[in-house]
Amino acid sequence: MPSIATPEMETKIGAFMETPWCVIIQNDPVNLMSYVAHVIRKIFGYNKQEAERLMMQVHQEGRSRVWTGAREKAEHYVRQLHGHQLLATLEKSE
Amino acid sequence: MRLSIHKEEALWRLSDMEEVHVQLLRQSADDASSKDSHEGPPRLFPLPVSPKEALREGEFLEDWKEYVTEELNIQFASDVGILLDDIDALEIYSSEETKMEIRYRLSIPLDHGGAWFSALNQARLQLDQQYVLHPNGEEFEPDAGPEFIGTVDPGQRFVAYLRYDFYTNIQEWIVRNIL
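Taken in order, these protein sequences are the chains called A and B. Take 36 as the starting number for the first sequence in the numbering used here and just add one per residue. Take 3 as the starting number for the second sequence in the numbering used here and just add one per residue.
Among these hints, one or two may not hold up.
[Claimed, not checked] Below, computed lysine-lysine pairings styled on BS3-like, alpha-carbon distance capped at 25 Å:
(1) B:LYS54 <-> A:LYS108
(2) B:LYS67 <-> A:LYS108
(3) B:LYS54 <-> A:LYS127
(4) A:LYS127 <-> A:LYS108
(5) B:LYS54 <-> A:LYS77
(6) A:LYS127 <-> B:LYS67
(7) A:LYS77 <-> A:LYS108
(8) A:LYS127 <-> A:LYS77
(9) A:LYS83 <-> A:LYS108
(10) B:LYS67 <-> B:LYS54
(11) B:LYS9 <-> A:LYS83
[Stated by the list, open to error] DEER-style ranges, computed between Cβ atoms:
(12) A:ARG88 <-> B:ILE104: 41 to 51 Å
(13) A:GLN95 <-> B:SER6: 27 to 37 Å
(14) A:GLN95 <-> B:GLU103: 41 to 51 Å
(15) A:GLN84 <-> B:MET102: 48 to 58 Å
(16) A:PHE79 <-> B:GLU64: 20 to 30 Å
What the hints contain is simulated information worked out from the structure, not anything from laboratory work. The model shown is predicted, which means the values in this text are computed figures rather than measured ones. Don't be surprised by glycine CBs; every beta carbon is placed ideally from N, CA and C.
Bound-form chain B, shown alone (with noise of 0.2 Å):
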């Protein structure tokens, strides 16, 4: 399970991947839209104050809710609506280096490389918060063995992990290439 990333001028490719990196890139919209952790979407707008002062700037937070996150909601969902874009954009093809095997490969513009990086950072954020990927503070061990945190299921919390990792493999290789 191979997956090519490469700059060129004006865009940047994810080539040689295969179905399951394509449902995989699918799923980071879903789960950086996910609505089924309370958790979550606090992280993604924290309040701007330390929570000691928040009594006292009461004034402050609901202003900065009002115009503040609205725009920040605005922002990040226009950034998972550019990843869509582009995964619709995909391209299927097959060659003899491929054994004549499908492949699906995307080309996206240098310039979207931010709402990219921005799109997999809000899946990976709501999947730790989600999924309790840093139980104490320490990274989730997959090895481990099945450990139960509440009422998250072990298996789909591996599987959680999984995604995560691959979404940070592609967001190192933006930061480093791209941003």
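With the rest of the complex left out, here is chain A (with noise of 0.2 Å):
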């Protein structure tokens, strides 16, 4: 038996796979690395564990995606890191 998609399910549908984006921390050779751990904690709330091997991989990497989720959120999310004057951007989920 053939299944019809109505257009309401494919609204919804859509609406789920929407890509999500996430936020990128870049390294720069001037903050303190003690103070970007800072920054992710209090920003994103995660453990001191967490936020250090974010920081580390900052660091060793240079650069690390702290946070994936929905666009409006992550532009919300760079703006308070540029605040505090990190290097940070938002870029589609791969």
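From the two separate chains plus the hints, produce the assembled complex.
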């Protein structure tokens, strides 16, 4: 029996499948490592261990994906990170 | 040349300062607000998307510049203003401990710690850009001798590095003890 998707169902599936966005922190040589970890904890509410892991990833790999989700919230987080003078961008999640 | 920094109940104190320390602190406001560097302002207000995405995000970037960059500009200037106001409340003293030589002391409310960190960070970011303190990602080596990078004067670069280092020390203390 052939299945026929109704427009309503397609919309729901489309919204569900929408590509998430992620927040990337880029390494920079000026910001103190302890400060970067502090800011990650403060903004995203991660525990100390996770914040330090992400900070080390920024330091060693040049960037770290610190959060993934809806675009609007990603923009909000990037604004907060810029307010703390960290280099951050939002990107479509792959 | 010794400076003490410690935390009390509702404030933190910079004491045992000599004239040079006070000058350096005042200089940090000028460094943070430097208009000499072309690279500094873009570093303080970076793009929220990668350069390759910028073309596709034109409208978003225009809004960002109009609202977010403007907001951050005000926020950063306010942080520098708080630092300057605190410096204006400088106390001068002398004691037997200082062999009656004049010393300076600042008493700063704990909740100004974030603004101080921000102002000193702005200063370091601007100095880094203006005087190329991390050439090729490596930290500037003050003992390596004079090195010309572009039009940057090696003498001025060395002095900029000393200021950068002084600000770093205070920031490290703020992160550990206040933030």
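Verification of the hints:
1. B:LYS54 <-> A:LYS108: holds (21 Å)
2. B:LYS67 <-> A:LYS108: Given that 25 Å is the threshold and the Cα spacing comes to 18 Å, the pair holds.
3. B:LYS54 <-> A:LYS127: holds (12 Å)
4. A:LYS127 <-> A:LYS108: OK: A:LYS127 and A:LYS108 at ~13 Å, within 25 Å.
5. B:LYS54 <-> A:LYS77: Given pair B:LYS54, A:LYS77 is violated - Cα atoms ~29 Å apart, limit 25 Å.
6. A:LYS127 <-> B:LYS67: Holds, at roughly 21 Å.
7. A:LYS77 <-> A:LYS108: holds (16 Å)
8. A:LYS127 <-> A:LYS77: holds (24 Å)
9. A:LYS83 <-> A:LYS108: holds (22 Å)
10. B:LYS67 <-> B:LYS54: Roughly 18 Å between the alpha carbons, so the hint for B:LYS67 and B:LYS54 holds.
11. B:LYS9 <-> A:LYS83: Satisfied, since the Cα-Cα distance of roughly 23 Å is no more than 25 Å.
12. A:ARG88 <-> B:ILE104: 41 to 51 Å: holds (48 Å)
13. A:GLN95 <-> B:SER6: 27 to 37 Å: holds (35 Å)
14. A:GLN95 <-> B:GLU103: 41 to 51 Å: holds (47 Å)
15. A:GLN84 <-> B:MET102: 48 to 58 Å: Because 51 Å falls inside the window, the suggested range holds.
16. A:PHE79 <-> B:GLU64: 20 to 30 Å: holds (28 Å)
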